[in-house]
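Here's the letter readout for the chains.
Protein chains: 2
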Amino acid sequence: VIVDRTAPRVSDRFVAHTIERIGPVDASAAAEMQATLDRKTKPRRSLGRLEELCCRIAAIRGTADPGALPKAVVLVAADHGVAEEGVSAYPSEVTAQMLSAFVSGSAAISVLARQAGARLVVVDAGVREPFVDPAVTSLRIGAGTRSFADGPAMSQDEAVRAIRNGIGLAEELSATGIGVVALGDMGIGNTTSAAALTAVLLSREAEEVCGRGTGVDDDGLRRKVETVRRALVANAVDGADLLAVLSAFGGFEIATLVGVILGAAAAGLVVVTDGVITTAAALVAARLAPDAAGRLIAAHRSSEPAHALQLDALELRPLLELDMRLGEGSGAALALPVIDAALSIAREMGTFDEAGVSDAGA
Amino acid sequence: VIVDRTAPRVSDRFVAHTIERIGPVDASAAAEMQATLDRKTKPRRSLGRLEELCCRIAAIRGTADPGALPKAVVLVAADHGVAEEGVSAYPSEVTAQMLSAFVSGSAAISVLARQAGARLVVVDAGVREPFVDPAVTSLRIGAGTRSFADGPAMSQDEAVRAIRNGIGLAEELSATGIGVVALGDMGIGNTTSAAALTAVLLSREAEEVCGRGTGVDDDGLRRKVETVRRALVANAVDGADLLAVLSAFGGFEIATLVGVILGAAAAGLVVVTDGVITTAAALVAARLAPDAAGRLIAAHRSSEPAHALQLDALELRPLLELDMRLGEGSGAALALPVIDAALSIAREMGTFDEAGVSDAGA
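Sequences listed follow chains A and B, in order. Just so you know, our numbering puts 225 at position 225 of the first sequence, and the rest follows in order with no gaps. So our numbering is basically just the index in the second sequence, starting at one, shifted up by 362.
Take these hints with a grain of salt, some might be off.
Label pairs and their calculated CB-CB ranges [claimed, not checked]: (1) A:D133 - B:G429: 22 to 32 Å; (2) A:T351 - B:L583: 25 to 35 Å; (3) B:P386 - A:R114: 28 to 38 Å; (4) A:R114 - B:A393: 40 to 50 Å; (5) B:A397 - A:S11: 30 to 40 Å; (6) A:G67 - B:E455: 53 to 63 Å.
Hints are computed from structural coordinates only; laboratory data are not their basis. Glycine residues also receive a C-beta, built at the ideal position from the N, C-alpha and C atoms.
Use the sequences and the hints to build the structure in full.
And the structure:
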């Protein structure tokens with residue numbers, strides 16, 4: 001178990017207060033949900049992980065009758081100074097270009113969110129050249145981070161501001177009736193940032209956490225490993241000082257996502273992680289607030305090597321394994337129909353009593 | 363590779379003609395689909411198995427533009443004489459009781475089909491006491507099979523009639539515009555039938571193919587293994603004589619499902635398998651018509667041990683692994699949103715050209 005149940009202190013009062021509000025999930029609601037499922041016309045536990053999902057959601061929502069839950073995909077974008085080190089197959093301009101594709105409805109996540117019946121919330125947390133559009137929520141911290149190869153990516157003040165932004169966003173979503181928040185990310189260079197965060201938080205070597213991201217070639221992968229290795233030396237932070245870790249290696253979108261997770265957990269929302277970037281944010285959030293881990297559902301296992309390590313550390317078993325590595329929240333969006341299906345089973349299936357079916361499993 | 367490319371002869375002219383109509387899938391449509399996907403605003407192949415799914419569907423449908431495909435879940439029910447041997451946790455009456463739950467909309471598959479936007483087609487292929495209802499399609503062969511513990515479950519004539527019924531049903535579905543057929547089954551005792559079929563077709567021992575089905579206890583599992591072992595001796599059929607194998611160990615629902623698969627494959631429909639019963643039918647169909655295997659999509663891997671063996675033999679990698687073991691087509695229905703998502707990616711996602719996004723992956 002990687003999660004330490006004693007949460008570290010955070011000096012910012014708003015963030016600290018949010019963390020304090022994140023208590024354990026409701027085990028009795030989960031037990032009540034399982035009892036309800038056991039009365040339904042099917043052999044006990046025969047719906048496997050769909051039943052586990054029902055119970056987990058009941059525990060998170062604090063009720064055995066969670067109903068149907070409106071869903072949002074929160075896609076946070078930002079640029080990374082570390083992209084200058086030649087660690088990505090794409091140039092930084094693509095981050096802003098993709099913002100345009102997200103709001104026009106033509107990007108993968110636009111299609112998948114629509115298909116899943118989820119609201120798509122596109123956030124600019126610090127793209128180099130802002131893409132100004134009413135459909136983009138601007139929570140900008142700056143015009144991209146600095147490269148963390150030789151020093152911190154951002155200041156601790158910037159990290160805290162991004163976390164606060166994320167908390168505020170989650171609270172707004174909760175206030176508008178959203179029950180499930182699926183996380184997404186966009187940011188050229190951000191698998192390098194996620195790799196470095198994972199290396200520090202899980203005490204791993206650079207080679208173990210670096211993958212090909214969006215498809216970097218062998219040379220690029222070597223540069224990526226070398227950059228992370230150099231950065232780990234240059235930013236010799238105490239792994240227990242989470243704000244120091246986050247500001248050293250994070251991105252503005254990752255810090256904002258940490259806030260979204262904390263805010264969502266405090267508000268009783270179900271949080272669905274995507275790939276290696278959003279799960280890096282989840283690792284940080286679960287270190288800050290250990291009970292946040294129980295609020296997470298892992299949508300899928302991506303093909304990035306660090307992702308499996310993160311999921312293990314968070315004790316999360318992903319719902320899907322579809323060899324995806326796009327990001328944007330695409331894996332998280334694909335898991336939303338599975339969550340809907342679980343909730344509809346809880347809500348709509350009949351019982352042995354109602355149906356007059358013999359329950360030999362009783 | 364278990365699939366023998368020389369299809370055996372079947373004497374029935376309608377069945378033989380259907381088998382002849384099942385040719386190889388369209389590899390050029392698949393290649394064209396991949397080229398289309400490679401132009402979209404995402405790193406190449408970054409949607410992993412979702413892209414493979416698009417290509418497989420293009421190959422099956424014979425077009426790189428398959429559009430959105432209307433879906434049906436075909437749930438075929440029948441009773442099994444072998445249930446008398448005490449191999450199931452439930453009595454045979456439950457099969458008919460569940461038919462009532464299926465059409466009333468309260469069963470798991472009713473909920474999941476509705477959730478997936480699929481038409482639910484409930485078929486009685488030979489339940490002991492027929493549940494007469496306008497919402498049930500009656501394709502009855504008899505009032506349940508005989509126990510195959512000491513002799514064949516049905517006559518070869520009955521097996522052929524069931525296959526013909528299934529082919530006719532698939533043709534009707536195709537005529538009404540259905541593009542995807544998800545398979546489901548109901549029949550107390552039918553995991554024993556599927557286990558015996560798998561043992562014969564894949565040359566396995568009874569212990570390797572028997573699982574707990576809907577939840578039989580240790581004694582029940584021992585009886586199940588013993589029954590299959592006895593049946594394999596009592597029905598010493600030539601494994602290459604598929605009609606003999608099917609009539610020895612099959613159920614009316616399994617034989618009907620073999621027909622549904624053959625008819626669907628001949629009509630160019632996408633066939634989605636569920637668990638160990640529908641995949642046993644798929645094994646038989648793929649032996650009768652080797653090119654039928656390429657028309658299948660495996661929805662999930664159930665917790666029945668024979669299922670993994672069947673999937674390997676058919677060279678199918680399931681989309682989901684959710685530890686489900688209900689049957690009814692519940693796993694197949696859960697995979698339908700993944701198929702819809704893949705098709706919507708093919709249909710709705712924009713290209714690098716349209717979006718003005720830099721394609722470094724080119």
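Hint says 22 to 32 Å; check whether the CB-CB distance for A:D133 and B:G429 agrees. Since the Cβ atoms of A:D133 and B:G429 sit about 30 Å apart, the hinted range of 22 to 32 Å holds.
Distance restraint evaluation - A:R114, B:A393, Cβ atoms, bounds 40 to 50 Å: violated (28 Å)
A:T351 and B:L583, beta-carbon distance inside 25 to 35 Å? holds (27 Å)
Cβ separation of A:G67 and B:E455, checked against the hinted range 53 to 63 Å: violated (34 Å)
Is 30 to 40 Å respected by the C-beta to C-beta distance linking B:A397 and A:S11? Since the Cβ atoms of B:A397 and A:S11 sit about 54 Å apart, the hinted range of 30 to 40 Å is violated.
Outcome of range test on Cβ distance (B:P386, A:R114; 28 to 38 Å): The hint (28 to 38 Å, Cβ to Cβ) holds, given that B:P386 and A:R114 are roughly 35 Å apart.
Checked against the numbered hints given earlier, the structure breaks hints 4, 5 and 6 and satisfies all the rest.
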